[in-house]
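Chemist: The listed protein sequences correspond, in order, to chains A and B.
This note's numbering puts the first residue of the first sequence at 5, with every later residue one more than the last.
This note's numbering puts the first residue of the second sequence at 259, with every later residue one more than the last.
Do not rely on the hints blindly, as some may be mistaken.
Under the rule of at most 27 Å between Cα atoms (straight-line distance), these lysine-lysine pairs were calculated in the DSSO-like manner [to be verified]:
| hint | chain 1 | residue 1 | chain 2 | residue 2 |
| --- | --- | --- | --- | --- |
| 1 | B | Lys324 | B | Lys299 |
| 2 | B | Lys278 | B | Lys299 |
| 3 | A | Lys106 | B | Lys299 |
| 4 | B | Lys322 | B | Lys272 |
| 5 | A | Lys109 | A | Lys73 |
| 6 | B | Lys356 | A | Lys56 |
| 7 | A | Lys7 | A | Lys56 |
| 8 | A | Lys109 | A | Lys7 |
| 9 | B | Lys313 | B | Lys324 |
| 10 | B | Lys278 | B | Lys322 |
| 11 | B | Lys356 | B | Lys322 |
| 12 | A | Lys106 | A | Lys56 |
| 13 | B | Lys299 | A | Lys113 |
| 14 | B | Lys356 | B | Lys313 |
| 15 | B | Lys356 | A | Lys7 |
| 16 | B | Lys299 | A | Lys109 |
| 17 | B | Lys299 | A | Lys7 |
| 18 | B | Lys356 | A | Lys106 |
| 19 | A | Lys7 | A | Lys106 |
| 20 | B | Lys299 | B | Lys322 |
| 21 | A | Lys56 | A | Lys73 |
In silico contact screen, one side only, chain A against chain B (beta carbon under 8 Å); selected entries [what the hints assert, rightly or not]:
| hint | residue |
| --- | --- |
| 22 | Tyr38 |
| 23 | Ser45 |
| 24 | Gln46 |
| 25 | Gly47 |
| 26 | Pro48 |
| 27 | Tyr50 |
| 28 | His53 |
| 29 | Gln99 |
| 30 | Gly100 |
| 31 | Asn101 |
| 32 | Leu102 |
| 33 | Phe104 |
| 34 | Lys106 |
| 35 | Gly107 |
In short, the hints are calculated from the structure, not lab data.
Beta carbons: idealized from backbone N, C-alpha and C, even for Gly.
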Amino acid sequence: DAKTTQPPSMDCAEGRAANLPCNHSTISGNEYVYWYRQIHSQGPQYIIHGLKNNETNEMASLIITEDRKSSTLILPHATLRDTAVYYCITRGGSQGNLIFGKGTKLSVKP
Amino acid sequence: GAVVSQHPSWVICKSGTSVKIECRSLDFQATTMFWYRQFPKQSLMLMATSNEGSKATYEQGVEKDKFLINHASLTLSTLTVTSAHPEDSSFYICSANKDSANYGYTFGSGTRLTVV
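Make the full structure from the sequences, and use the hints.
Modeler: So, in structure tokens, the structure goes:
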């Protein structure tokens with residue numbers, strides 16, 4: 005089973021920041037938090053990942069709480085093309101694979 | 259970067275025939291690749307782990323004789339759906355890990371299989 009909890013859906017106005025929360029209260033000390041998104045009928049796209057420090061790249065920012073039990077993905081200026089299902093994942097499979105939960109369906113509206 | 263190429267992107271086949279899907283790591287070597295399946299409106303589910311030079315590891319409930327995996331080189335893994343049936347129609351996605359600490363896991367673009 006997935007080790008993360010995300011809201012099933014969120015709406016965001018175009019141009020505004022989208023803040024997507026994720027709970028991972030059982031994360032172990034050396035597990036990274038990965039964020040991916042999946043646009044309909046495409047493979048998951050890597051967004052960002054982090055261990056304990058906040059991270060930022062050209063796509064998004066990742067804020068991880070000090071206790072590492074939750075994190076927030078921030079898309080600073082959401083566009084219509086950011087409409088997708090966003091997955092917050094900690095590697096947890098016995099084969100070293102990523103385990104996907106149901107993710108958050110983000111709808112960016114004009 | 260880390261790029262994974264998957265081919266074909268979609269395929270339609272008749273019941274009873276076999277279909278091969280290729281997954282290539284283009285700019286890195288991958289001793290392990292993962293094969294996922296995704297049914298409509300559901301999340302990705304791991305089917306099997308492909309290991310270069312050894313047998314694949316299948317998840318519970320996945321028939322190894324039906325879903326043949328070959329990982330013949332460090333850059334290529336193939337999934338063959340044998341004797342396909344309509345219930346095998348799904349979205350198949352492969353993934354490889356270059357260096358998860360720095361790059362995360364990279365996914366192919368997926369293959370939409372429709373069995374008629």
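Chemist: If a hint holds in the structure, say so; if it does not, say that too.
Modeler: Verification of the hints:
1. B:Lys324 to B:Lys299: 24 Å, holds
2. B:Lys278 to B:Lys299: 24 Å, holds
3. A:Lys106 to B:Lys299: 9 Å, holds
4. B:Lys322 to B:Lys272: Distance of about 21 Å is within 27 Å: holds.
5. A:Lys109 to A:Lys73: 21 Å, holds
6. B:Lys356 to A:Lys56: Holds. B:Lys356 to A:Lys56 sits at ~21 Å (cutoff 27 Å).
7. A:Lys7 to A:Lys56: 17 Å, holds
8. A:Lys109 to A:Lys7: 18 Å, holds
9. B:Lys313 to B:Lys324: 14 Å, holds
10. B:Lys278 to B:Lys322: 14 Å, holds
11. B:Lys356 to B:Lys322: Holds, at roughly 26 Å.
12. A:Lys106 to A:Lys56: Roughly 24 Å between the alpha carbons, so the hint for A:Lys106 and A:Lys56 holds.
13. B:Lys299 to A:Lys113: 21 Å, holds
14. B:Lys356 to B:Lys313: 20 Å, holds
15. B:Lys356 to A:Lys7: 23 Å, holds
16. B:Lys299 to A:Lys109: Roughly 11 Å separates the two Cα atoms, so the pair holds.
17. B:Lys299 to A:Lys7: 20 Å, holds
18. B:Lys356 to A:Lys106: It holds: about 25 Å lies between the C-alpha atoms, which stays within 27 Å.
19. A:Lys7 to A:Lys106: The hint holds at about 11 Å.
20. B:Lys299 to B:Lys322: 25 Å, holds
21. A:Lys56 to A:Lys73: Judged against 27 Å, a Cα distance of about 10 Å means the pair holds.
22. Tyr38: OK, holds: A:Tyr38 within 8 Å of chain B, min 5 Å.
23. Ser45: The hint holds - A:Ser45 has a Cβ within 8 Å of chain B, the shortest such distance being about 7 Å.
24. Gln46: 6 Å, holds
25. Gly47: Constraint on A:Gly47 satisfied, holds at 4 Å.
26. Pro48: 5 Å, holds
27. Tyr50: Since chain B brings a Cβ to about 5 Å from A:Tyr50, closer than 8 Å, the hint holds.
28. His53: Holds - the Cβ of A:His53 comes within 8 Å of chain B, reaching about 5 Å at its closest.
29. Gln99: 4 Å, holds
30. Gly100: 7 Å, holds
31. Asn101: 5 Å, holds
32. Leu102: 6 Å, holds
33. Phe104: Since the shortest Cβ distance to chain B is 4 Å, the answer is holds.
34. Lys106: Status holds, d = 5 Å.
35. Gly107: 7 Å, holds
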